[in-house]
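*Asks:* Residues per chain, in single letters:
Protein chains: 2
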Amino acid sequence: MSTSLCIFDTTLRDGTQGEGISLTAEDKVKIALKLDALGVHYIEGGNPGSNSKDIEFFRRIRELNLRAKLTAFGSTRRKNIACEQDANLKHLTESGASAATLVGKTWDFHVHTALQTTLEENLAMIHESLAYVRSKGMEALFDAEHFFDGYKANPEYALAALAKAKEAGTEWIVLCDTNGGTLPSEIHEIVSRVRSVIDAPIGIHTHNDCEMAVANAIAAVSAGARQIQGTINGYGERCGNANLCSIIPTLQLKMGYDCVSDEQLTTLTSVARYVSEIANVILPVNQPYVGNAAFAHKGGIHVSAIMKDSKTYEHISPALVGNKQRVLVSELAGQSNILSKAQELGLDVGAEGLKSRNVIDRIKELEHQGYQFEGADASLELLLRDAYGDTVDIFTVETFKIIVEKTANGMVSEAIVKINIGGEQVYTVAEGNGPVNALDNALRKALSQFYPGIHDIHLTDYKVRVLNEKDATAAKVRVLVESTDFKDSWNTVGVSTNVIEASWEALVDSIRYALLGMVKRDVSPQAPRESYGWVNH
Amino acid sequence: MSTSLCIFDTTLRDGTQGEGISLTAEDKVKIALKLDALGVHYIEGGNPGSNSKDIEFFRRIRELNLRAKLTAFGSTRRKNIACEQDANLKHLTESGASAATLVGKTWDFHVHTALQTTLEENLAMIHESLAYVRSKGMEALFDAEHFFDGYKANPEYALAALAKAKEAGTEWIVLCDTNGGTLPSEIHEIVSRVRSVIDAPIGIHTHNDCEMAVANAIAAVSAGARQIQGTINGYGERCGNANLCSIIPTLQLKMGYDCVSDEQLTTLTSVARYVSEIANVILPVNQPYVGNAAFAHKGGIHVSAIMKDSKTYEHISPALVGNKQRVLVSELAGQSNILSKAQELGLDVGAEGLKSRNVIDRIKELEHQGYQFEGADASLELLLRDAYGDTVDIFTVETFKIIVEKTANGMVSEAIVKINIGGEQVYTVAEGNGPVNALDNALRKALSQFYPGIHDIHLTDYKVRVLNEKDATAAKVRVLVESTDFKDSWNTVGVSTNVIEASWEALVDSIRYALLGMVKRDVSPQAPRESYGWVNH
Numbered sequence: 001m002s003t004s005l006c007i008f009d010t011t012l013r014d015g016t017q018g019e020g021i022s023l024t025a026e027d028k029v030k031i032a033l034k035l036d037a038l039g040v041h042y043i044e045g046g047n048p049g050s051n052s053k054d055i056e057f058f059r060r061i062r063e064l065n066l067r068a069k070l071t072a073f074g075s076t077r078r079k080n081i082a083c084e085q086d087a088n089l090k091h092l093t094e095s096g097a098s099a100a101t102l103v104g105k106t107w108d109f110h111v112h113t114a115l116q117t118t119l120e121e122n123l124a125m126i127h128e129s130l131a132y133v134r135s136k137g138m139e140a141l142f143d144a145e146h147f148f149d150g151y152k153a154n155p156e157y158a159l160a161a162l163a164k165a166k167e168a169g170t171e172w173i174v175l176c177d178t179n180g181g182t183l184p185s186e187i188h189e190i191v192s193r194v195r196s197v198i199d200a201p202i203g204i205h206t207h208n209d210c211e212m213a214v215a216n217a218i219a220a221v222s223a224g225a226r227q228i229q230g231t232i233n234g235y236g237e238r239c240g241n242a243n244l245c246s247i248i249p250t251l252q253l254k255m256g257y258d259c260v261s262d263e264q265l266t267t268l269t270s271v272a273r274y275v276s277e278i279a280n281v282i283l284p285v286n287q288p289y290v291g292n293a294a295f296a297h298k299g300g301i302h303v304s305a306i307m308k309d310s311k312t313y314e315h316i317s318p319a320l321v322g323n324k325q326r327v328l329v330s331e332l333a334g335q336s337n338i339l340s341k342a343q344e345l346g347l348d349v350g351a352e353g354l355k356s357r358n359v360i361d362r363i364k365e366l367e368h369q370g371y372q373f374e375g376a377d378a379s380l381e382l383l384l385r386d387a388y389g390d391t392v393d394i395f396t397v398e399t400f401k402i403i404v405e406k407t408a409n410g411m412v413s414e415a416i417v418k419i420n421i422g423g424e425q426v427y428t429v430a431e432g433n434g435p436v437n438a439l440d441n442a443l444r445k446a447l448s449q450f451y452p453g454i455h456d457i458h459l460t461d462y463k464v465r466v467l468n469e470k471d472a473t474a475a476k477v478r479v480l481v482e483s484t485d486f487k488d489s490w491n492t493v494g495v496s497t498n499v500i501e502a503s504w505e506a507l508v509d510s511i512r513y514a515l516l517g518m519v520k521r522d523v524s525p526q527a528p529r530e531s532y533g534w535v536n537h
Numbered sequence: 001m002s003t004s005l006c007i008f009d010t011t012l013r014d015g016t017q018g019e020g021i022s023l024t025a026e027d028k029v030k031i032a033l034k035l036d037a038l039g040v041h042y043i044e045g046g047n048p049g050s051n052s053k054d055i056e057f058f059r060r061i062r063e064l065n066l067r068a069k070l071t072a073f074g075s076t077r078r079k080n081i082a083c084e085q086d087a088n089l090k091h092l093t094e095s096g097a098s099a100a101t102l103v104g105k106t107w108d109f110h111v112h113t114a115l116q117t118t119l120e121e122n123l124a125m126i127h128e129s130l131a132y133v134r135s136k137g138m139e140a141l142f143d144a145e146h147f148f149d150g151y152k153a154n155p156e157y158a159l160a161a162l163a164k165a166k167e168a169g170t171e172w173i174v175l176c177d178t179n180g181g182t183l184p185s186e187i188h189e190i191v192s193r194v195r196s197v198i199d200a201p202i203g204i205h206t207h208n209d210c211e212m213a214v215a216n217a218i219a220a221v222s223a224g225a226r227q228i229q230g231t232i233n234g235y236g237e238r239c240g241n242a243n244l245c246s247i248i249p250t251l252q253l254k255m256g257y258d259c260v261s262d263e264q265l266t267t268l269t270s271v272a273r274y275v276s277e278i279a280n281v282i283l284p285v286n287q288p289y290v291g292n293a294a295f296a297h298k299g300g301i302h303v304s305a306i307m308k309d310s311k312t313y314e315h316i317s318p319a320l321v322g323n324k325q326r327v328l329v330s331e332l333a334g335q336s337n338i339l340s341k342a343q344e345l346g347l348d349v350g351a352e353g354l355k356s357r358n359v360i361d362r363i364k365e366l367e368h369q370g371y372q373f374e375g376a377d378a379s380l381e382l383l384l385r386d387a388y389g390d391t392v393d394i395f396t397v398e399t400f401k402i403i404v405e406k407t408a409n410g411m412v413s414e415a416i417v418k419i420n421i422g423g424e425q426v427y428t429v430a431e432g433n434g435p436v437n438a439l440d441n442a443l444r445k446a447l448s449q450f451y452p453g454i455h456d457i458h459l460t461d462y463k464v465r466v467l468n469e470k471d472a473t474a475a476k477v478r479v480l481v482e483s484t485d486f487k488d489s490w491n492t493v494g495v496s497t498n499v500i501e502a503s504w505e506a507l508v509d510s511i512r513y514a515l516l517g518m519v520k521r522d523v524s525p526q527a528p529r530e531s532y533g534w535v536n537h
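Those protein sequences? They're chains A and B, same order as listed.
Using full-length UniProt numbering, you'd call the opening residue of the first sequence number 1 and step up by one each time.
Using full-length UniProt numbering, you'd call the opening residue of the second sequence number 1 and step up by one each time.
Keep in mind the hints are simulated off the structure, nothing from the lab.
Any given hint might turn out to be false.
Which copy is meant is left open, so a pair is good if it fits within one copy or across any two.
DSS-like, lysine-lysine: derived pairs with alpha carbons at most 27 angstroms apart [claimed, not checked]:
no.	residue 1	residue 2
1	Lys341	Lys308
2	Lys79	Lys311
3	Lys53	Lys401
4	Lys90	Lys79
5	Lys476	Lys401
6	Lys324	Lys308
7	Lys418	Lys401
8	Lys445	Lys401
9	Lys254	Lys152
10	Lys90	Lys166
11	Lys311	Lys341
12	Lys79	Lys418
13	Lys364	Lys166
14	Lys401	Lys136
15	Lys311	Lys152
16	Lys308	Lys79
17	Lys53	Lys341
Work the whole structure out from these sequences, hints included.
*Replies:* Okay, here's the thing in structure tokens:
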């Protein structure tokens, strides 16, 4: 029987303290759903006392009935008032979260300098605040801020603070290395000391200021901590929080603890990448376990050894965390994946070995240029169908032109497109909120004469990623577009040094995919005019 | 008396195994000079047996008489031949380096699987190769590859390999966690065991596959290792090597060891940033000790506390490693962040309470629109200086126009700008790789007639973030631009539904900031013409 550990995710609260991380309520809901599927036990959603966005998040998430416990974060009450008078505690207890994490001071220096109150009043703040949230029916967790610094400075006071939390009936006492300056050997020793005097479930919350947040969390578990607080990809204030994407697999695969199921663990890489996409932060290529280079081999000796046995240069099998091996000298674009995709589309690949290889070479070349088909299924499908002759021409673009002008009266964006639809040249112009929106409008205007059903298609998502940022405004960008026809949604991609061209590519793919699908599946609200289009070909 | 430790840098060898890292011989010379000034004791320059670029590096570096020892890397001889017949050992001994680091197998599994030879032959390869390089007058270091995995699988054999190295007179025996899968507690235990049976100076070489390379190196030092191998910024194969930029300050500031002088330690941040520039890899903003956000404060409670005493949320004084404190302005923060920023700029806010409040309202309004100033210090500075009347007009934009055209021959992007510089209207046109690059080129072309120093400013980073993605192509975007003049770098922001307008805002802020700074600090390579500009106002 292995020991079960409790994983507490604070990506949505402490993670947003990281520089450059800003999440909308909608972003938070999306991430919470992924965290829940990953199997974390607590999701700290935000600080309802500090901003209204978090109140909205808690309102929306309640309806989704997650398996994980939702926890709202706040401070112990302000000094010299009653809990009932504290506006932050009010917001917190009204948030609808089933648990409350209250942070309080345990370092005497902070009580004097930051709070500017007495040691006694701080103890009362801890006790009363925790008891208050419990009286409102919430589970209470105590985040013992700066506990390790506090313990080193004044162990009696730091432990007295924990005792007050315990006395209030707090379910978890979480020891925080808030400034991130503590070493693993100190963590191990202090957690052991705490366990010998405080009989309560202990959690650990570490920061990465010495690049040891993960090692510190592991050291605390070895000393008996049973809850680990951290964030996806280690997002957080200054140098970040403990990275759950490294902690979970290390505890589970190397130390034999139970955190999530083996199947949930295989989703770790996709969760890490999903959260980085939503947060719009590039996932470091060398991030342990989940990075694109985590199992990538460059050295010639390494490559020849892993071909004999991958264990020679891999500490775990990458599939256990949903990642994969890559050989950098000759990129293997996963031939089997592409073949299985083609088969799924009903393309006859049996006797087409050579042709399949051409598609793979083409995909590798496009990926090298910066295309990414993992998030652009529809572009991949078009590419495969084109390669196997399973598409027809609906329209071809002859030229387009964008004019964006800043005048004294504001910005004007105009797009002119000349396209050929079933042999007929159509020339349209449209305005938009910006150049890409103008292009989109002009393209739809041209096509709607032939395919009125295009009115049911609309774009739901538009993402721009700069690929080689060091080239600044001459850098390549990747545009991802998501579209829907109210029944299905699909994703397309475009890449160029020119943001307009990349957007155009993704737009054209999206509409081409829709028109092909609409007619094929005969789901178009109105079929194209008989005399035009490819249906008669 | 504190214990001295030996720092062994392998940025130029193992660091270049990292994905995306490629250094020319010239790059390597530049980096070696910085490492030498930082005070590292060994610089591993490369593998002269594997590529001619490294032979050139060793030829050139010899003439520069570094204080650090130069070491060349190679493997023990190939199986079943004499050292004299081994071409790699020949290149290595002819490199001119004063020390040789030879990597050899200590894990029986690798001897069988990768080398495909006998355990006895591998021991002979270790002994003979090390004795051979020593016979050529070089100092010898033995990199015991996969030592920890080897020790766990077959401790007798792993220790026998070390004993052979010791017998050959090897100066340092370096224990390598090549696959990066070992935990700190295991490292501590195994290093202690080695020290009890092998009487030789021990080094440690760790990899970051569990995000514990730094903790593992520290654990080895606690167990008696006296040489630490690592790289600047942790560059290296897969998830990287142990990061010297985190290890050196931790050993020196927190554990009392001597690595480099206190003065050299204050250059750490600039060395980290210099190496990242040369390697053309963006330094993670949250990198411990040296990252731009390592001492950046975002939460309002944190900010008000650090204004009372920075020790409240900083584990060390940032100046000790040449870094500095920053206060991020964001929706999470309150007035204290902005006031401290204004004070840092030397603006007189004392009697201007109301005015300060206006600035805060303005910033909140802009943040609500999607601006984010925590990544755009220069835009915030302009906003504050404008509010306090501490800027002057350098140029005003009257109109601009962008034309992007897709023709049969490809894409053409053209920008036309009409700006007013000190009363004179300038009207220019330029092409670019895309619309934003064309705008940038046209703006510079106009200004360079008046401010030739603008040639020294260039953009180093360009980011686009779609804010309300659900609005698809009509969504708002935020553009962040980073610029440098080779001395400093600064960041600016623009927001609009029109990607061109948002980029334009950020570009104009960037150049305005630079021109204000250039003239104010009188560092412009050539001052503006007397008759124009604001210097006479």
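*Asks:* Take the hints in turn and mark each one as holding or not.
*Replies:* Results of checking the hints against the structure:
Taking CA atoms no more than 27 angstroms apart as the test, Lys341 paired with Lys308 passes inside one copy only; the shortest distance there is 15 angstroms, against 58 angstroms between copies. Proximity of Lys79 to Lys311 under the C-alpha cut-off of 27 angstroms is restricted to the inter-copy arrangement: shortest distance 22 angstroms between copies versus 57 angstroms within a copy. Taking the shortest Cα distances, Lys53 and Lys401 never come within 27 angstroms of each other, neither inside one copy (40 angstroms) nor across copies (38 angstroms). In this assembly of identical chains, the alpha carbons of Lys90 and Lys79 lie at most 27 angstroms apart only when taken from the same copy (15 angstroms versus 74 angstroms across copies).
For the identical chains of this complex, Lys476 and Lys401 are neighbours both inside a copy (20 angstroms) and across copies (22 angstroms), given an alpha-carbon limit of 27 angstroms. Taking CA atoms no more than 27 angstroms apart as the test, Lys324 paired with Lys308 passes inside one copy only; the shortest distance there is 17 angstroms, against 49 angstroms between copies. When the C-alpha separation of Lys418 and Lys401 is checked against a cutoff of 27 angstroms, the pair qualifies both within a copy, at 9 angstroms, and between copies, at 21 angstroms. For the homomeric pair Lys445 and Lys401, the shortest alpha-carbon distances inside one copy (15 angstroms) and between copies (24 angstroms) are both at most 27 angstroms.
Only between protomers do Lys254 and Lys152 lie at most 27 angstroms apart by alpha-carbon distance; the minimum there is 14 angstroms, versus 31 angstroms within a single protomer. Proximity of Lys90 and Lys166 under a CA criterion of 27 angstroms is satisfied intra-copy only: 22 angstroms inside one chain copy versus 68 angstroms between copies. In this homomeric assembly, Lys311 and Lys341 come within 27 angstroms of each other (Cα to Cα) only inside a single copy, at 19 angstroms, whereas the closest approach across copies is 52 angstroms. Within a single copy, Lys79 and Lys418 get their C-alpha atoms no closer than 69 angstroms, and across copies no closer than 59 angstroms, so neither meets the 27 angstroms cut-off.
Taking the shortest alpha-carbon separations for Lys364 and Lys166, neither the intra-copy value of 58 angstroms nor the inter-copy value of 40 angstroms comes in at or below 27 angstroms. Taking the shortest Cα distances, Lys401 and Lys136 never come within 27 angstroms of each other, neither inside one copy (62 angstroms) nor across copies (61 angstroms). For the homomeric pair Lys311 and Lys152, the shortest alpha-carbon distance between copies (15 angstroms) is at most 27 angstroms, but the shortest distance inside one copy (43 angstroms) is not. With identical chains, the CA atoms of Lys308 and Lys79 are at most 27 angstroms apart between copies only, with a shortest distance of 18 angstroms across copies and 66 angstroms within one.
For a Cα distance limit of 27 angstroms, the shortest separation of Lys53 from Lys341 across copies, 26 angstroms, qualifies, whereas the shortest one inside one copy, 40 angstroms, does not.
Hints 3, 12, 13 and 14, counting from the list given before, are not met by this structure.
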